[in-house]
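Sequence lines, in order, name chains P and A.
Its first residue numbered 1, the first sequence is counted upward by one per residue in the working numbering.
Its first residue numbered 1001, the second sequence is counted upward by one per residue in the working numbering.
Note that these hints are calculated values from the structure, not bench results.
Take the hints with a grain of salt, since some may be wrong.
What the hints assert, rightly or not - Dumping the calculated SDA-like pairs for lysine to any residue here, alpha-carbon to alpha-carbon at most 20 Å:
hint : chain 1 : residue 1 : chain 2 : residue 2
1    : A       : 1106      : A       : 1011
2    : A       : 1042      : P       : 88
3    : A       : 1103      : P       : 16
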Amino acid sequence: EAQVTQNPRYLITVTGKKLTVTCSQNMNHEYMSWYRQDPGLGLRQIYYSMNVEVTDKGDVPEGYKVSRKEKRNFPLILESPSPNQTSLYFCASSPRAGIGTGAYSNQPQHFGDGTRLSIL
Amino acid sequence: EDQVTQSPEALRLQEGESSSLNCSYTVSGLRGLFWYRQDPGKGPEFLFTLYSAGEEKEKERLKATLTKKESFLHITAPKPEDSATYLCAANYGGSQGNLIFGKGTKLSVKP
Chain P
1 EAQVTQNPRY
11 LITVTGKKLT
21 VTCSQNMNHE
31 YMSWYRQDPG
41 LGLRQIYYSM
51 NVEVTDKGDV
61 PEGYKVSRKE
71 KRNFPLILES
81 PSPNQTSLYF
91 CASSPRAGIG
101 TGAYSNQPQH
111 FGDGTRLSIL
Chain A
1001 EDQVTQSPEA
1011 LRLQEGESSS
1021 LNCSYTVSGL
1031 RGLFWYRQDP
1041 GKGPEFLFTL
1051 YSAGEEKEKE
1061 RLKATLTKKE
1071 SFLHITAPKP
1081 EDSATYLCAA
1091 NYGGSQGNLI
1101 FGKGTKLSVK
1111 P
């Protein structure tokens, strides 16, 4: 079954304790992305990756790190979590756009089921 | 500033009562306008992609349309199972990979 898998689904932790949220996709997609979803603010992009070893900042990258060492995995790292990072996080992936379009992100993204982080 | 605005924030319909959801966008170099459905506790589920003004796509009771400034999601004779939050998102040309979401419209369909 084609899917994007996030772990953990729920986590309660304390300020300053480093954590990693894993994301894995089994669709051989080039593009992967992380979002956070907050009430009244909607989905906001944190980081995205066009392919292995290629990452770039989204709209709200402060306090987060990512890496893309393998095509299928795109972990989100919070080096020193703070309460304002309490949120619902989604990972997404999509295939590369068709040859000739020159655009990587025209394809719809497939989302995981989310990770709810609470940082006390 | 690039932005996507959805209206209304919430919509209550009776079963069978058709309506439309609006998504207006101001982005430079639109590369695709996406509609998603999100159920509570789940990730967004893809519905449609629209690329150019005048384009229309249909799926069951849903029909998405696109103009140069906005997109509409028309819901014909909705059923209670259509209750969800509907999100639109614009992929724009400022930087590859950028996708900006609206805040969504929460649709409730009562039997």
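Pair hint outcome, residue 1103(A) versus residue 16(P) [Cα-Cα no greater than 20 Å]
violated (30 Å)
Between the alpha carbons of residue 1042(A) and residue 88(P), is the straight-line distance 20 Å or under?
Answer holds: residue 1042(A) to residue 88(P) is near 10 Å, not above 20 Å.
Compare the distance between the alpha carbons of residue 1106(A) and residue 1011(A) with 20 Å, and conclude whether the hinted pair is satisfied.
holds (6 Å)
Going through the hint list in order, the structure does not satisfy hint 3, though it satisfies all others.
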